[in-house]
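> Keeping the supplied structure of chain A fixed, place chain B upon it in accordance with the hints.
First to last, the protein sequences are chains A and B. Residue numbers for the first sequence follow this note's numbering, so the first one is 3 and each next one is one higher. Residue numbers for the second sequence follow this note's numbering, so the first one is 3 and each next one is one higher.
Among the hints, erroneous ones may be present.
Same chains, same names: a pair is fine if it fits in one copy or spans any two.
[To be verified] No farther apart than 20 Å at their CA atoms in a straight line, the calculated lysine to any residue pairs in the SDA-like style are these: (1) Lys143 x Glu265; (2) Lys78 x Val144; (3) Lys143 x Gly194; (4) Lys143 x Gly113; (5) Lys9 x Pro153; (6) Lys143 x Phe264; (7) Lys143 x Glu266.
Hints in this document: simulated from the structure, not taken from any laboratory.
If you want the building blocks of each chain, they are given just below.
Protein chains: 2
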Amino acid sequence: MSEAAAKALDAADSLARYRSRFALPEGTAYLKGNSLGAMPLPVDDTVRTILDQWRTRQVRAWNEGWYDLSRRLGAKVASLLGVEADEVIIGESTTIAWHKLCSAALEAQPGREEIVTDDLNFPSDLYALQGLARQRGARLKVVPSNGIALPPEGIASALTDESGVLALSHTAYRSAYVHDLETVQTLARRRGILTVWDLSHSFGVMPIPLREAHADMAAGCLYKYASGGPGAPAFLYVRRDLQDRLANPLQGWFGHAAPFEFEETYRPAEGIARFLTGTPPIVSLAAIEPGVDLLAEAGIEAIREKSMALTRYAVDQYDALPDAGELALATPRDPEQRGAHIAFTHPEAFALSRALIAEDIVVDFRAPDLLRMGFAPLTTRFHDVLRAMDRLASMLASGEHRSIQVDRPAVT
Amino acid sequence: MSEAAAKALDAADSLARYRSRFALPEGTAYLKGNSLGAMPLPVDDTVRTILDQWRTRQVRAWNEGWYDLSRRLGAKVASLLGVEADEVIIGESTTIAWHKLCSAALEAQPGREEIVTDDLNFPSDLYALQGLARQRGARLKVVPSNGIALPPEGIASALTDESGVLALSHTAYRSAYVHDLETVQTLARRRGILTVWDLSHSFGVMPIPLREAHADMAAGCLYKYASGGPGAPAFLYVRRDLQDRLANPLQGWFGHAAPFEFEETYRPAEGIARFLTGTPPIVSLAAIEPGVDLLAEAGIEAIREKSMALTRYAVDQYDALPDAGELALATPRDPEQRGAHIAFTHPEAFALSRALIAEDIVVDFRAPDLLRMGFAPLTTRFHDVLRAMDRLASMLASGEHRSIQVDRPAVT
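Just chain A, with the same shape it has in the complex (with noise of 0.2 Å):
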């Protein structure tokens, strides 16, 4: 019965269509395209155009087609976010572009030497501010959530006077928690703050309302639920008023207002440009359209809905569970605060993890106990979400996944 359900669900899904333009197996059921969003089919050519102007054009190319791709494309990024062409430029990894931003951030607020975030926040992200904080004298306060979510009151409390920035991650990567933006832009607009946002786990899958915040800053991951590749170069975000009051704290030639004309003093280029900094990974850069195309094609708000629809569905299943035991839900229950992913927590999380890959169920582990399945609205199907918490519960009441024996790989 709740096979026919799921498969209903599919059948009279508008966005089914999307998930033959990426290249995954019909018995896959991939539900980490949240860490590693599937390869898009055009990725080939868009790749191999690369390659053939490397071969006959050399370095010729770099004129035509490859010194604007950061631009162009993160103009692409922009049109997805609502905000304006020159607000967007994409370059450097995640992190760096984090670092770019929460630094120079700092820079702009002499005299208010506290760093805010939560630890809802991406341990990379944290490890950045940490560095930050060492190097510049600063101080980093970590807001404690309850382990799920952080509402705005929680961060409004926290924030001072001696606070310059507050740097968070839009949805958690852990619980999927989504922060309310435009209240926590609000609070600290009123206190002084700037902000800056990783949407690593937002963008592709909601509608993120910088515009309607008058957000400050934001950089974000484009590997995940925008499928632009293994270590796709991040976008980075500065509201255009704020552009010309921050300084890049990684100067490099890219970034300068006329890198061709080797001037021994830095320039910095007028608008996004720049927070550049070196010579963007062309290649790497190239994998990154047809992700943000087909995003854009789906429509965001649609997008949205399915990815609630599927997470909720999810919830659905969990709940219908006769005996849940230790897995316990550690994600929203309200859609509206949830990202696009479901973590459950559970003693033997690890194994579950494997025992489920094992059957080409893909779903992620976060240390030490946390099982994420990721809804990549795309190509995720309702059956999958079936199939994948089906197998959980038989796993879960059998035992089978104990007698799993894998060591813990490099990357869960």
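Here is chain B on its own, set in the frame of chain A:
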């Protein structure tokens, strides 16, 4: 006569056979391998392998080669540098790598607030140092050269007890002057100064005495003579006994001791991996391997020998000009002090470069008045050099380049 001589040199060249391992049309005299090396033919395969893994294994491929790629390719570069495998790693862009090392060096030298560099250094390196000086309240001392060279005694006289970091390009991007690394390194060590070398214009064309000099740190570009592809991630080297004394200023999860434990507090990895930051761009990274392999196969001593013969040949052609007019050699005459490119100054350098490129003699212009010819030893033929020098001479005699009307492109 001279054409026959050039062909004879090509016929006797033991490295001549390598040109067919790269994508380069027969009729192209490609003298810009110092800017972007030609594409090694196996790049098609290494890149396709990554796309196939992404297609068929998705995120699981991280445990099937991707996660080790930075380190595995770093070990190959280390071998070419003559240092230990765990002293080199590949991650972000050259300027980011440079920034990390210079910033880490400065932090390790409390009370020594001066960074010393020279005016031969690549502008992007200078921009990074200017930003670092501003943020850290350090002083940047730029030692003036004569425009072409700066002997060790010139550097020695600039070093003081307040100098903490000496940051130089090993081979100058304009003049091709090669610093005496061993002498300069010794000078710096005697004064307790840490050195950071930019090897971008040296790597892949000459042995670099990092080990002999007990050199401290280095970074280098892989898209020039190593043919790693447009915007290829750069390598960085830190001598093993220094690694634990230095802190990566750009902390991120890939430099953490256990990235997939998702600890809240940064703990640097043991060894060279601590200098990584974000997720490396895997597709671009994969394009690096064939070029590095070709360098290793050809052997760096043989490459240097041919390189010196090529630049000597070009200088001989220049010296044989009946009337060089305003064309001035801007490169050291001693082959030992010279990298793999030749530079000339001329007031019409830009027009000359465009006129040569229009005939598929791909040379290089560097504002305001520099004409460069880079001789990547694995792809440059002696008759390419002759053709370029002959046409340069005839253009200067006829003035025909003056009729070329081309706007300055973004990338020159």
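> Checking against the hints above, which ones are violated?
Hints 2 and 5 are the ones this structure does not satisfy, whereas the remaining hints hold.
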